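Quick note on numbering: the sequence shown equals residues -24 to -1, 1 to 193 in mature numbering (1 follows the signal peptide of the UniProt record, and there is no 0).
Simulated from the structure, these hints should not be mistaken for laboratory data. These numbers were taken from a predicted model, which means no experiment stands behind them. There may be inaccurate statements among the hints.
The calculated DMTMM-like cross-link candidates involving lysine to aspartate or glutamate, where the alpha carbons are at most 25 Å apart (straight line), are [what the hints assert, rightly or not]: (1) 100 with 143; (2) 101 with 71; (3) 101 with 152; (4) 26 with 36; (5) 153 with 119; (6) 26 with 129; (7) 99 with 129; (8) 39 with 129; (9) 100 with 119; (10) 101 with 149; (11) 72 with 129; (12) 52 with 143; (13) 99 with 145; (14) 26 with 71; (15) 72 with 149; (16) 39 with 145; (17) 78 with 143; (18) 122 with 152; (19) 54 with 152; (20) 72 with 17; (21) 72 with 116; (22) 39 with 80; (23) 39 with 71; (24) 72 with 36; (25) 100 with 149; (26) 39 with 81; (27) 75 with 17; (28) 72 with 145; (29) 54 with 119; (30) 99 with 17; (31) 110 with 149; (32) 72 with 143; (33) 99 with 71; (34) 54 with 115; (35) 54 with 149; (36) 26 with 143; (37) 122 with 107; (38) 39 with 149; (39) 100 with 115.
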Amino acid sequence: MKGSHLFLCLFSVSCWLNLMPTSGNRIFHFGRCRVSMSMTEIRLGFTAIKASIVSIQARDPIKTLSILSHPQSLHKVKSSDRCCITHHLFNFYVDKVFKHCKTEDSYINRKISSIANSFLSMKKKLRQCHEQNKCMCGEESTEKFKQILANYEGLNVTSAAIKSLGELDILLDWMEKSQRAEHVNNPPTAGTKEAAGTLHTPVVSRKIMCCTTADSH
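Based on the sequences and whatever the hints tell you, model everything.
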């Protein structure tokens, strides 16, 4: 009998662990779409390779063209268009950028691969929002993405990919700025488990006490 109580306790804890959000994940709001993302993990990966990517970019003879910031590509995007353009951009990075960002340094390549995997996961989540009609594309988001593609296609494939990777912090900064704006315009209601875009860790003391009580009988 005591063994069965122990089994139930371990099973309950196992179920709880499976339901826990991944450490460091945050909920990002893109209009009606809500997706979890480990921004910290992507930031750390990008920071580790940024200096090397900038060094590679320095050898590019075309220094004036920007992929994401010219002309005003991600500025003043309406809340209703954020999901659509974010969906386009994650597809863009997965389908075009990361595939052509191979360097001679295996460490940098591993970091790029790790970032690419995070983007692939986000791409799938945003696609689900799109399929559920939560990620509608307006004229503004379509035109802005067309401009980004035009900027990208103005360079050869390798240079364009490296430049886009070097500007990844522009995209990440824009996402976090948009997230803050979303919370200002639509603050979380009282009693929700989500605050400032961060997933809260569930309290487990009650579950542990329940297991202890069952074991003691």
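Now for the hints, and whether the structure bears them out:
no.: 1; hint: 100 with 143; in the structure: holds, 22 Å
no.: 2; hint: 101 with 71; in the structure: holds, 16 Å
no.: 3; hint: 101 with 152; in the structure: holds, 18 Å
no.: 4; hint: 26 with 36; in the structure: holds, 16 Å
no.: 5; hint: 153 with 119; in the structure: holds, 21 Å
no.: 6; hint: 26 with 129; in the structure: holds, 22 Å
no.: 7; hint: 99 with 129; in the structure: holds, 22 Å
no.: 8; hint: 39 with 129; in the structure: holds, 15 Å
no.: 9; hint: 100 with 119; in the structure: holds, 23 Å
no.: 10; hint: 101 with 149; in the structure: holds, 20 Å
no.: 11; hint: 72 with 129; in the structure: holds, 11 Å
no.: 12; hint: 52 with 143; in the structure: holds, 18 Å
no.: 13; hint: 99 with 145; in the structure: holds, 18 Å
no.: 14; hint: 26 with 71; in the structure: holds, 21 Å
no.: 15; hint: 72 with 149; in the structure: holds, 21 Å
no.: 16; hint: 39 with 145; in the structure: holds, 18 Å
no.: 17; hint: 78 with 143; in the structure: holds, 16 Å
no.: 18; hint: 122 with 152; in the structure: holds, 23 Å
no.: 19; hint: 54 with 152; in the structure: holds, 15 Å
no.: 20; hint: 72 with 17; in the structure: holds, 21 Å
no.: 21; hint: 72 with 116; in the structure: holds, 22 Å
no.: 22; hint: 39 with 80; in the structure: holds, 22 Å
no.: 23; hint: 39 with 71; in the structure: holds, 24 Å
no.: 24; hint: 72 with 36; in the structure: holds, 19 Å
no.: 25; hint: 100 with 149; in the structure: holds, 21 Å
no.: 26; hint: 39 with 81; in the structure: holds, 23 Å
no.: 27; hint: 75 with 17; in the structure: holds, 20 Å
no.: 28; hint: 72 with 145; in the structure: holds, 17 Å
no.: 29; hint: 54 with 119; in the structure: holds, 13 Å
no.: 30; hint: 99 with 17; in the structure: holds, 16 Å
no.: 31; hint: 110 with 149; in the structure: holds, 23 Å
no.: 32; hint: 72 with 143; in the structure: holds, 14 Å
no.: 33; hint: 99 with 71; in the structure: holds, 10 Å
no.: 34; hint: 54 with 115; in the structure: holds, 11 Å
no.: 35; hint: 54 with 149; in the structure: holds, 16 Å
no.: 36; hint: 26 with 143; in the structure: holds, 9 Å
no.: 37; hint: 122 with 107; in the structure: holds, 21 Å
no.: 38; hint: 39 with 149; in the structure: holds, 22 Å
no.: 39; hint: 100 with 115; in the structure: holds, 23 Å
Every hint from the earlier list agrees with this structure, and none is contradicted.
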